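Participant: Single-letter residue listing:
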Amino acid sequence: MKPRSEALLRLYGVQAAWTYERMAGIGVGHAAAPLLRELYATRPAEERRAAVARSAEFFNSHPYLAGVAVGAVVRAERDGVPSAVISRLRTALSGPLGALGDQLIWAGEVPALIGFTIALVPWFGIWAVLGAVIVHNVLRYRLTAWGLDLGLREGLGVGAALQKSWLPRRAEDAQRLAAFAVGLAIPLAAWRLLEGLPLRGALGVVAVVLVGSLLAVAPATRSRVTGMRIGLGLLALALSIVGGLV
Amino acid sequence: MNPGPIALGAWLVWGVLAGLDLVTIPQGLLSRPIVAASVAGLLLGDPAAGLLAGVTLELYALDVLPIGAARYPDFGMAAVAAGAAAALGPSGMGPAFAGVIGLPMAIFGGWTLHRLRRWNAISMQRRLERVAAGDARAIWELQRNSFFRDGLRSVFVTLVGIAAVLVIVRIPWRDLHHLELLSYAAVSGGLVSVLSGAVRSSGYGARRRWLAVGIALGLFAVLVP
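Chains A and B, in that order, are what the protein sequence lines are.
Counting from 5, one number per residue, gives the positions in the first sequence under our numbering.
Counting from 56, one number per residue, gives the positions in the second sequence under our numbering.
Next comes chain A alone, as it looks inside the complex (with noise of 0.2 Å):
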């Protein structure tokens, strides 16, 4: 298998050992260590192992986009640069590629894919989903592949370049597209599973469900009221109504 498919296949499981001390530092050290055998080849082997070393530092973004930094490192190395200005780079690509992937695919992409997913099962059931995890990971392919290409052509300059690409503006279009799917997907998803209930009791679900919702954003009540709980307790006293306890 050539290195940047190797690398490409392993940037999928590039949060397996994750841990809160390195984060998915482990994981990209492993993803780059195809490209970085490659690269050292030819060289001493304590260059070699002091560059497997640096990539498996400290390292935190999103998973998708990790590929980003492992192409950069690569590239730095290759280019020579100081191991110091290494580590800076990896420090300096951490927090723009979560947030970044994190507002495309987390609060975008996902929701977006999810919540057209609930709205079309009335019509096309399960065939919708398989629709919606053929369309993610074909997204999820080509996002990670673009992402280490993009870091093994820029090397350092991989921070401006990401800036002027698609992802900032079309993260911002995933969120908006996100909240109109989750909308859609709202009625759609109460009018299906809620099929059959009489008109008093759906105008108890609306209301349990309007001030259930106001409770979990209103600023004095938020980290306490959260729809897990609201729903753990309707449950208990469901379960209660049901075995006679009340």
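Read the hints as simulated data drawn from the structure, not as lab findings.
Remember, predicted model here, so these are calculated numbers, not experimental data.
All the given hints hold, so there is nothing to weed out.
What follows is a set of in silico ranges between Cβ atoms, one per label pair, in the way DEER data are often shown:
1) B/Y259 to A/P86: 40 to 50 Å
2) B/L207 to A/V139: 28 to 38 Å
3) A/E42 to B/R173: 34 to 44 Å
4) B/N57 to A/E199: 22 to 32 Å
5) A/E42 to B/A103: 47 to 57 Å
6) A/R228 to B/A124: 20 to 30 Å
7) B/R173 to A/P86: 30 to 40 Å
Chain B is faced by these chain A residues, among others (derived, beta-carbon under 7 Å):
8) I30
9) R53
10) A54
11) W110
12) Q179
13) W195
14) G235
Just some of the chain B residues that point at chain A, by a computed CB distance under 8 Å:
15) V78
16) L106
17) E113
18) L120
19) I194
20) S201
21) L231
22) A240
23) S243
24) W265
Note that beta-carbon positions come from the ideal geometry of N, C-alpha and C, so glycine has one too.
Fit chain B to the known structure of chain A by using the hints.
Facilitator: Relative to chain A, chain B alone:
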């Protein structure tokens, strides 16, 4: 209904895949409740029931951002258990099982994930000197061992889920009154989660307007035949 050995094996394998997918590999949406529960339902003979359990748990999961060091519930294997219960239990109880089995399992799964990270950290401490010396073999060992540890965690949590489901589906649910309350409770909590999460994360600008447009369009689709 008792699943046969092949169905039980497929259930265990799917649970492990959903467990690994959350953090370790490949993070390809397999651990999302709507996916995990639908496939579990499919493996046990009723994909539609699994899908409804998955949609219910997805309402809770949409409020979770799996960011960095945050501690969050593991909905993947929980959804596998809920989807399986929905397929094996009385019809129409998908949302109820999502609440009764899925939510406690998600909290338990999240706790095991935290333990796994501590376990990984201990393993890393043992190899710290080798990693600092640039030993690529030590990095490979850490990755491999972490993968197997998460595999073990996933086997354990899935087995707990299987045991819980096999006990819970034996309860004579149909003899109980007001059974529908369980579904309404689980769905109401989910709707609170997704709505409050969407309002919080959409901020005050354009995103909140997009959220309002989405809700309005969804209401239109529901109310206008």
